[in-house]
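Peer 1: Letter by letter, the chains look like this.
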Amino acid sequence: MSKRQVNKSVVIGTIGADAHMIGGWVLEKAFKAAGFTVAFLGAVVPQQEFINAAIEIDADAILVSSMYGMGVLDCEGLRQKCIEAGLDDIILYAGGTVAAPLEIEKNWPEVERRFKELGFDRVFPNTCTAEEAVATLKADLGITD
Amino acid sequence: MSVYLLVDFGSTYTKILAVDLAEESILGRAQSPTTIETDVTIGLNKALAELVDTCGVDLDRVEGKYASSSAAGGLKMVAIGLVPELTLEAARRACLGAGAKLVSGYGFEIDKEIVEAIEAARCDIILLCGGTDGGDKKTITHNARMLAHSAVDCPILVAGNRAAADTVKEVLEKHGKKVYKAGNVLPSLETVEVEPAQELIREIFIAHITHAKGLDKAADFIGGPIIPTPRASLQAAALLADGTEGEQGIGSLLVVEVGGATTNIHSVMEQSLVTPQTVLRGLPESRVKRTVEGDLGIRYNAPTIYGFVGKDAFLQRLRELYPAVDEQAFDPDAHIDHLSRNVGHTPTEELELAADIVLARSAASIAVERHAGTVKQEFSVMGEILVQRGKNLLDAENVIGTGGIFRYGLHPETVLQAALFSPETPWSLKPRAPKTFIDRDYMLYGIGLLATNHPVQALRIAKRYLKPSEIDS
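Listed in order, the protein sequences are those of chains A and B.
Residue numbers for the first sequence, in the numbering used here: 6 to 150.
Residue numbers for the second sequence, in the numbering used here: 15 to 487.
Just so you know, the hints here were simulated from the structure itself, not pulled from any lab data.
Ideal placement from N, C-alpha and C gives every residue a C-beta, glycine not left out.
Hints may contain errors.
[Unchecked claim] Keeping only pairs whose Cα atoms sit at most 27 angstroms apart, straight-line, the calculated DSSO-like set for lysine-lysine is:
| # | chain 1 | residue 1 | chain 2 | residue 2 |
| --- | --- | --- | --- | --- |
| 1 | B | Lys60 | B | Lys126 |
| 2 | B | Lys231 | B | Lys188 |
| 3 | A | Lys111 | A | Lys13 |
| 4 | B | Lys192 | A | Lys13 |
| 5 | B | Lys90 | B | Lys183 |
| 6 | B | Lys192 | B | Lys151 |
| 7 | A | Lys143 | B | Lys151 |
| 8 | B | Lys152 | B | Lys126 |
| 9 | A | Lys121 | A | Lys143 |
| 10 | A | Lys13 | B | Lys183 |
| 11 | B | Lys151 | A | Lys86 |
| 12 | A | Lys13 | B | Lys151 |
| 13 | B | Lys183 | B | Lys195 |
| 14 | B | Lys191 | B | Lys126 |
| 15 | B | Lys183 | A | Lys143 |
| 16 | B | Lys152 | B | Lys195 |
| 17 | B | Lys79 | B | Lys90 |
| 18 | A | Lys37 | B | Lys151 |
| 19 | A | Lys37 | B | Lys152 |
| 20 | A | Lys86 | B | Lys152 |
| 21 | A | Lys86 | A | Lys143 |
| 22 | B | Lys191 | A | Lys86 |
| 23 | A | Lys34 | B | Lys151 |
| 24 | B | Lys183 | B | Lys151 |
[Stated by the list, open to error] One side only, chain B facing chain A, incomplete, derived with CB under 8 angstroms:
| # | residue |
| --- | --- |
| 25 | Leu96 |
| 26 | Leu100 |
| 27 | Gly190 |
| 28 | Tyr194 |
| 29 | Val401 |
[Unchecked claim] Covered stretches of chain A (in silico footprint by chain B; criterion: 3 or more residues with CB under 8 angstroms from a CB of chain B, positions within the stretch not fixed):
| # | stretch |
| --- | --- |
| 30 | 14-28 |
| 31 | 47-56 |
One chain only, chain A, in its complex shape (with noise of 0.2 angstroms):
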């Protein structure tokens, strides 16, 4: 799953009409910490921002971040747009309230299966730890320091 050339930076942001941020600002401190170059966006982000900026900083990895149970319809059509914009590389990871929070509780499997199927790397449920995704993208990346 690694990159060519690990650039070790970073596209953080919440994805669609989701106003909640607070999850990317702590993915951002977390990553930064690490000693990563991140893109923060914010949020209500369209996917093309992503897409955007992930080129212009020459990103490993866009981590999406949705907090309002939306996830799945907001991310249907990103790794598309990555292939289209020669970033099929890139490593696509979502985390947050991707799924209704029953969902995610009693069917991780199936939303995991919905994520990988739309093309992303990995998903992660609302439960995840800021140091876990930091943990888990180096691992992706064959970073070890």
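Position chain B against the provided structure of chain A, taking the given hints into account.
Peer 2: Showing chain B alone in chain A's frame:
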């Protein structure tokens, strides 16, 4: 008495404004067609002669001279960046804010066709950007290689990814290109930093372009550097807004400059959110901002503006200004066509003056709309969210109209009215209730020229001669 001459070598006219700094007054003005193809001092001397004749200025008692120029096409630039909404946009702003005429902008990797277009454009400076610092390197490097193997012979200013800057400079210099380097215009996605690039653009203009445009003799006469005219206007706007030690500014402002070839908007105002909960998207806005609309000049683009307005609406608005229009055999289609073919035309008859005002109103309205930001409602499961893009001008304290139309036009205040917030376009963040002024003496460029060395007097002259206009806002 302390007489200063403020010269502008315009694309059509060489204008001279004579001011008395001791009295803080305008002594007079004169103009003559610009003679850049032959010898620019021919037109200059004619204008000087007229100045002496009409205003009695004693040229031997002139204490200082300053000049700006937009002659020979002004400062023409091409901008190259990566993502159009990101580094290319930052590069565009760097060019416009430096007073340049942006000939074209290109994003992503440029190909042979684009290189040929750049060669044909014969611009004065190419601004090469792309990638935040530590970001994408391959695009700016590719573009540098393309330019290196091309026939472009103008200076190239590199202001992109710092990590690629040395490679880029090397490849260009190896192929004989003149290269300058400045800090990245977009070092990170939250930081637009155009000042270092703009500083170099100014230096390059003074060092190379003055000579290339045939302005050497003019520079000799002036005894100092000649700056691009829009740079002078921007300096005036900043001085007026911010004030200087010893003299207060008038607060945040918008300058609406309606011309024959373009309509330009300058704003000096801090960015702000429409409401504290509004979500802001897009590249950060700068406090001093300049936009140039090359399709809204009231001569060259009269047909375009007329197209935006529509024939019926045009006639209706004309009727409001000049009720007798129906009694005359006035054909708006023919008149508009005539204007675009006679770009130096200054109307004298009331009906023509009124038609110019209708055009200027639309130009001003659209230009300010493009300069200002927008706010839109998004509906989500948590309720309504306001999303703002661009600069919030709602609470701008002042709007100033400048340009020929504000000198000769009838009821020019109606042009400024069109620049204000309208309930018909509530999403457009135009000024709501500013004080409005008209630059009746067409002096703003002159104020800008004086601003560096004589800010107090320049500001006082500006405040004295800006004519408050009465509009119902």
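Peer 1: Can you list which hints this structure breaks, lowest number first?
Peer 2: 1, 2, 3, 4, 15, 22, 27, 28
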